[in-house]
Amino acid sequence: MTPAPVGLLAELTHRCPLACPYCSNPLDLDPKRNELDTAAWQRVFAEAAGLGVLHVHLSGGEPAARPDLEALVATCAANTLYSNLITSGIGLSPARITALAAAGLDHVQLSIQHADAAPADRIAGYRGAAARKAEVARAVVAAGLPLTVNVVLHRANLEAVAEIAALAERMGARRLELAHAQYYGWGLANRAALQGPRAKVLAAVREVEGLKARYAGRLVIDHVLPDYFARHPKACMGGWGRRSLNVTPSGKVLPCHGAERIPGLDVWSVADHALGDIWTSSPAFNAFRGTSWMQEPCASCPRREVDFGGCRCQALALAGDARATDPVCVYSPKRAEIDRLLSQEAQAPPPYRYRARV
Amino acid sequence: MSAAIPAAARPRLARGVRLREDPRRGWILLAPETVFAAKGSAADILALCDGTRTFGDLVATLSTRFCVAPERVAADAEALLARLRDQRLVDL
Ligand SMILES: C[S@@+](CC[C@H](N)C(=O)[O-])C[C@H]1O[C@@H](n2cnc3c(N)ncnc32)[C@H](O)[C@@H]1O
Ligand code: SF4
Ligand code: SF4
Numbered sequence: 001m002t003p004a005p006v007g008l009l010a011e012l013t014h015r016c017p018l019a020c021p022y023c024s025n026p027l028d029l030d031p032k033r034n035e036l037d038t039a040a041w042q043r044v045f046a047e048a049a050g051l052g053v054l055h056v057h058l059s060g061g062e063p064a065a066r067p068d069l070e071a072l073v074a075t076c077a078a079n080t081l082y083s084n085l086i087t088s089g090i091g092l093s094p095a096r097i098t099a100l101a102a103a104g105l106d107h108v109q110l111s112i113q114h115a116d117a118a119p120a121d122r123i124a125g126y127r128g129a130a131a132r133k134a135e136v137a138r139a140v141v142a143a144g145l146p147l148t149v150n151v152v153l154h155r156a157n158l159e160a161v162a163e164i165a166a167l168a169e170r171m172g173a174r175r176l177e178l179a180h181a182q183y184y185g186w187g188l189a190n191r192a193a194l195q196g197p198r199a200k201v202l203a204a205v206r207e208v209e210g211l212k213a214r215y216a217g218r219l220v221i222d223h224v225l226p227d228y229f230a231r232h233p234k235a236c237m238g239g240w241g242r243r244s245l246n247v248t249p250s251g252k253v254l255p256c257h258g259a260e261r262i263p264g265l266d267v268w269s270v271a272d273h274a275l276g277d278i279w280t281s282s283p284a285f286n287a288f289r290g291t292s293w294m295q296e297p298c299a300s301c302p303r304r305e306v307d308f309g310g311c312r313c314q315a316l317a318l319a320g321d322a323r324a325t326d327p328v329c330v331y332s333p334k335r336a337e338i339d340r341l342l343s344q345e346a347q348a349p350p351p352y353r354y355r356a357r358v
Numbered sequence: 001m002s003a004a005i006p007a008a009a010r011p012r013l014a015r016g017v018r019l020r021e022d023p024r025r026g027w028i029l030l031a032p033e034t035v036f037a038a039k040g041s042a043a044d045i046l047a048l049c050d051g052t053r054t055f056g057d058l059v060a061t062l063s064t065r066f067c068v069a070p071e072r073v074a075a076d077a078e079a080l081l082a083r084l085r086d087q088r089l090v091d092l
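For the protein sequence lines, the chains are E and F, in the order given.
The first sequence: position 145 = 145 (full-length UniProt numbering), numbered continuously.
The second sequence: position 81 = 81 (full-length UniProt numbering), numbered continuously.
Hints listed in this document are in silico derivations from the structure and should not be mistaken for laboratory results.
Being a predicted model, the structure only gives us computed values, none of them experimental.
Here are a few chain F residues that face chain E, going by a calculated C-beta distance under 10 Å:
#, residue
1, 22
2, 25
3, 32
Residues from chain E that keep clear of chain F, each with C-beta distances beyond 10 Å, as calculated:
#, residue
4, 2
5, 118
6, 142
7, 155
8, 160
9, 163
10, 170
11, 223
12, 261
13, 276
14, 286
15, 287
16, 303
17, 304
18, 331
19, 353
We put the beta carbon where it would ideally sit given N, CA and C, even for glycine.
Only chain E is shown next, with the shape it has when bound in the complex (with noise of 0.2 Å):
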């Protein structure tokens, strides 16, 4: 029997003010036409309930800019879900993070791009940003909702994880998440100019290492590590079709957010079926499930039930097909092609192709 997924990931749009390069929603972002109205939401919620789901994460896109987020956030604590907002800030005035804390919000995760404003705006492609979300984790913690900072690391801020751990615990953060930054979507689009020069890259992961230990007891550091310059993948979601589901604005019900540009996946969408029948029996959740459907080098690799082959979406992208071994690992025949990519670092990084407004 295939174990209860934990949680569910819910785009609920893809309308954001911002334009980060590094953004991994897809370059095909969904219309606010497409988008599931309130009483889907609340029924795909009613469901992952039923289902096992713990933690509902509500993203995008910028959530905030779904007026019934209020609503919405309502109907995960009616549901006893453990909601976690993933915003950008902008679009949140002090009065409705007073509203979300008031239905039921457990948590909320701001992302910022730099500690210091002006690099921070450019990143977001958006003056004012920095600003905007200072205001925001204000709001945050005065409505006595706990706060994680989220950060995305890339050539642009690699510099400044020390400034930005110390921004993190004057906002009043408990938990600060660096994530080097994943290339999907936008991200992959923009890698050349994200990838950082792997002395600087190396030299940041040793300093968050540090930045670990000196905040130990005052703010959590969670250190989401370079894919590329490790030996072996991540086990990419915990396992494809383990651990969570993610619904896209429009509906449609994936293992994980890139998995849409697979070719010839069959995604079933919440409009035709239930959940639960999704996570059981869609062909999308089926196939990359377990690891019956691994090739060598992984089908015979004792490391195939720790991270189960990496990441689909990478092998895609960078060896051409989604069931090879992830590139990124020393035993695929083909991470002399990540090398290729790490070696052009010294090249002076292209200008950015900032996310599309939708």
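Mind docking chain F with the ligands on chain E? Use the hints.
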């Protein structure tokens, strides 16, 4: 890092951390990226971490309820709470 917990400390679940019973998984502690399985006595200990009761009270209550020596309850509770404090799931 697990320094002894003073008897007068009033442990409580940190903001945004919820203890609930799940029909499939038993007692669990939920935080944004964490599901902590509160196995055995852990759920009983955590249920008393409400910020009003002292650690000393907590130990005495559980020691009476389960007829276990207070030293044993204190050792279990100290190990659990020190670990959860380091993860910022519990405030002391
Ligand atoms: C796509 S965003 C949507 C929510 C909201 N707009 C925000 O940016 O906070 C969801 C989360 O993924 C992070 N993120 C976006 N692109 C990423 C990438 N390429 N690698 C790692 N994390 C990324 C963001 O920082 C944010 O915490
Ligand atoms: S552009 Fe930035 S703020 Fe907007 S959804 Fe993407 S990561 Fe979030
Ligand atoms: S060969 Fe496959 S299973 Fe083995 S470590 Fe590499 S990616 Fe993981």
